[in-house]
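Each chain, written out:
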Amino acid sequence: GQQVMQIPQYQHVQEGEDFTTYCNSSTTLSNIQWYKQRPGGHPVFLIQLVKSGEVKKQKRLTFQFGEAKKNSSLHITATQTTDVGTYFCAGRSGGSYIPTFGRGTSLIVHP
Amino acid sequence: GAVVSQHPSRVICKSGTSVKIECRSLDFQATTMFWYRQFPKQSLMLMATSNEGSKATYEQGVEKDKFLINHASLTLSTLTVTSAHPEDSSFYICSARRSGGENTGELFFGEGSRLTVL
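In order, the protein sequence lines correspond to chains A and B.
41 is the number that the working numbering gives to position 41 of the first sequence; each next residue is one higher, with no gaps.
202 is the number that the working numbering gives to position 91 of the second sequence; each next residue is one higher, with no gaps.
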């Protein structure tokens, strides 16, 4: 079945440094979503990418969808302590409406 | 935005008892809801897909007689952990997607329910 690999599992950064998490799928995706889960909270939808090579920005967050629609990345510029949390990618392939979640990357920002 | 309410947020029960967790979409209809289990610092493990008016679809390795799912209306799905044991202790989260033409594919998550079985 479809697998979505996400790296790294953890990332420690100093406040102000950049951060990137990567997702790779074993199959071509129809779309990919990104979610953020704060410590003790529940996942919250950030964005959905659909087109090959798509790039979307939300303030300091940049989301990319690979040309082959098998990989994606989330980049945060100049991290802040409010960015702390676990970022999950979730990809859908074929006709399935059920997204497969990556393992998540936990971001720890040191002030 | 769409809101999904999950109740209870925390529950402690004795081994052998059953626990019911409710997941409600407050301001939209959800023909499909998902139930996940999340272990500490780990990803969301999909347990089952709950479909309104029909039987749930369970993922491989998830016991359907252990984790009973009922989706009786367009706004409510319930997960019942039957004869709970300490190894069932976990964080259970539901999510929902809007029905029909309003569906953008986005999942709206409940706040989660932390189950502790003594």
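Quick caveat, the hints were computed from the structure, so don't treat them as lab data.
Watch out, some of these pointers could steer you wrong.
[To be verified] Here are the computed distance ranges between Cβ atoms for each label pair: (1) A/GLY94 / B/GLN140: 47 to 57 Å; (2) B/GLY127 / A/GLY16: 17 to 27 Å; (3) B/LYS125 / A/SER30: 39 to 49 Å; (4) A/GLU17 / B/LYS131: 27 to 37 Å; (5) B/ARG225 / A/THR20: 42 to 52 Å; (6) B/THR128 / A/GLU15: 30 to 40 Å; (7) B/ILE123 / A/GLN3: 29 to 39 Å; (8) A/PRO39 / B/GLY216: 24 to 34 Å; (9) A/GLY40 / B/PRO197: 31 to 41 Å; (10) A/GLU17 / B/LEU179: 44 to 54 Å; (11) A/GLY40 / B/LYS125: 43 to 53 Å; (12) B/LYS131 / A/SER30: 27 to 37 Å.
Note that this is a predicted model, so its numbers are computed, not measured.
Built from N, CA and C at the ideal position, the CB exists for glycine as well.
We went through each hint and held it up to the structure:
no., hint, in the structure
1, A/GLY94 / B/GLN140: 47 to 57 Å, "violated, 25 Å"
2, B/GLY127 / A/GLY16: 17 to 27 Å, "violated, 52 Å"
3, B/LYS125 / A/SER30: 39 to 49 Å, "holds, 45 Å"
4, A/GLU17 / B/LYS131: 27 to 37 Å, "violated, 45 Å"
5, B/ARG225 / A/THR20: 42 to 52 Å, "violated, 31 Å"
6, B/THR128 / A/GLU15: 30 to 40 Å, "violated, 46 Å"
7, B/ILE123 / A/GLN3: 29 to 39 Å, "holds, 35 Å"
8, A/PRO39 / B/GLY216: 24 to 34 Å, "holds, 26 Å"
9, A/GLY40 / B/PRO197: 31 to 41 Å, "violated, 22 Å"
10, A/GLU17 / B/LEU179: 44 to 54 Å, "holds, 47 Å"
11, A/GLY40 / B/LYS125: 43 to 53 Å, "violated, 25 Å"
12, B/LYS131 / A/SER30: 27 to 37 Å, "holds, 35 Å"
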